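K.L.:
Sequence:
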Amino acid sequence: MAVLSKIDMMEATRLTREGRLDEAMGVLQKALGTPPMGGSTMEGGSPFPKTVHTLLDRLGQGGGLSETLRRPAVRDQPVPEGARFEERTYADVAGSRTYKLYVPSGYLGEAVPLVVMLHGCTQSPDDFAVGTGMNDLAEEHTVLVAYPAQAPSANASKCWNWFKAGDQKRDRGEPSLIAGMTREVMRDFAVDSERVYVAGLSAGGAFAAVMGATYPDLYAAIGVHSGLACGAARDMPSAFEAMRQGGSATARKTDWSGGFTAPVPTIVFHGDRDTTVNPLNGDQVIAQSKAAAALNMEVHRGVSPGGIAYTRSVQSDETGHPVLEQWVLHGMGHAWSGGSPAGSYTEPRGPDASREIMRFFLQHPRT
163 MAVLSKIDMM
173 EATRLTREGR
183 LDEAMGVLQK
193 ALGTPPMGGS
203 TMEGGSPFPK
213 TVHTLLDRLG
223 QGGGLSETLR
233 RPAVRDQPVP
243 EGARFEERTY
253 ADVAGSRTYK
263 LYVPSGYLGE
273 AVPLVVMLHG
283 CTQSPDDFAV
293 GTGMNDLAEE
303 HTVLVAYPAQ
313 APSANASKCW
323 NWFKAGDQKR
333 DRGEPSLIAG
343 MTREVMRDFA
353 VDSERVYVAG
363 LSAGGAFAAV
373 MGATYPDLYA
383 AIGVHSGLAC
393 GAARDMPSAF
403 EAMRQGGSAT
413 ARKTDWSGGF
423 TAPVPTIVFH
433 GDRDTTVNPL
443 NGDQVIAQSK
453 AAAALNMEVH
463 RGVSPGGIAY
473 TRSVQSDETG
483 HPVLEQWVLH
493 GMGHAWSGGS
503 PAGSYTEPRG
513 PDASREIMRF
523 FLQHPRT
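The opening position of the sequence shown corresponds to residue 163 in this note's numbering, with each subsequent residue numbered one higher.
For the record, the hints were derived by calculation from the structure and aren't laboratory data. All values derive from a computational prediction rather than experimental measurement. In this text, a Cβ means the ideal position worked out from N, Cα and C, and glycines have one as well. Treat the hints with care, as some may be off.
[As the list claims (entries may be wrong)] Derived BS3-like pairs: lysine-lysine, alpha-carbon spacing no greater than 27 Å straight-line: (1) 262 <-> 326; (2) 262 <-> 452; (3) 331 <-> 262; (4) 452 <-> 326.
[As the list claims (entries may be wrong)] Computed Cβ-Cβ distance ranges for the label pairs, DEER-style: (5) 245 <-> 345: 19 to 27 Å; (6) 245 <-> 445: 36 to 44 Å; (7) 272 <-> 445: 33 to 41 Å.
All chains should be modelled from the sequences, with the hints used to inform the complete structure.
P.N.:
Listed below in structure tokens is the structure:
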């Protein structure tokens, strides 16, 4: 059996950190004598041995969309008087995960919306809350916000396993866990069941798309920032392929959702200079969420206060109600637009994605 030398490992690590995934994969393939990526298929088994999978996880790129930006330390953030930011644990037959729940000071027991926020690789609920500023918006609008935490035992880089076939179906794997957390909050607090939403960044954005596809009866709308469509990959090799050039979701919606087929209103943010996840994936998220009927489109162009140009495309149904919204962020890479520099993987100069996602969500109760 081929042995990966320290030099090979260092070179693969360097290339991965520079975002040169094709070359990093090539180094590992050559060193271990494995076939090229072209030998894989979406539905077939992986052509790479377990050794390569393990090495890719160690490099932080095993289909989980890890970034290599320097992450600031996240200290405990102050919570307004009367508000709570508490840690909880949920478990079912698929396993268990912890999550943080923000309860705004304005929550008085009357039914309020719930937003589920899925972090990216290497992030934590606290980091993601700080970077997105979603708790501040929760105070402003009186919204509960849940932040599920991926377990390192489930993914070494703490990435949601968006690329695994077993984690893309209703009532199985990680979709079961996140839906279970959502329902637990709905059980323990007064939540308006018509206003429950899910959003995420990168691997978390890809998993928000998974949740919209697998539980369209639970989530009234989804937000996908720098992510991929549900079914864009079925294993690790196809995950790399989807990240580089876009996914190839061939399954029907009913294959994921157990028979539910209603499209879910969707808002997408993606930088057109994203070298981690090809911007084409943002188009594919929109295409997956689009109903069969033709939609009317309006295109708006502008520049954020921080100087980032954007194109905002809004597609509306026959009644004129917007159902799909896509923001293309010109010159931006793989980071949360308009986020706080106190959190990781943010671009403070961009349009305020958190505020726009919250606005879109609150405009879309379940109909």
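K.L.:
Need the status of pair residue 262, residue 326: alpha-carbon distance at most 27 Å?
P.N.:
holds (25 Å)
K.L.:
Can you confirm whether the C-alpha distance between residue 331 and residue 262 stays at or below 27 Å?
P.N.:
Distance of about 24 Å is within 27 Å: holds.
K.L.:
Please test the hint of 19 to 27 Å on the beta carbon pair from residue 245 and residue 345.
P.N.:
holds (23 Å)
K.L.:
Check the hint pairing residue 262 with residue 452 against an upper bound of 27 Å on the C-alpha distance.
P.N.:
With a Cα-Cα distance of about 32 Å, the restraint between residue 262 and residue 452 is violated, given a limit of 27 Å.
K.L.:
Given the hint of 36 to 44 Å, check if residue 245 and residue 445 actually sit that far apart at their C-beta atoms.
P.N.:
With a Cβ separation near 38 Å, residue 245 and residue 445 satisfy 36 to 44 Å, so the hint holds.
K.L.:
Regarding the pair residue 452 and residue 326, is the alpha-carbon distance no greater than 27 Å?
P.N.:
holds (24 Å)
K.L.:
Lying within 33 to 41 Å: is that true of the beta-carbon distance residue 272 to residue 445?
P.N.:
holds (39 Å)
Of the hints listed earlier, the one the structure fails to meet is number 2.
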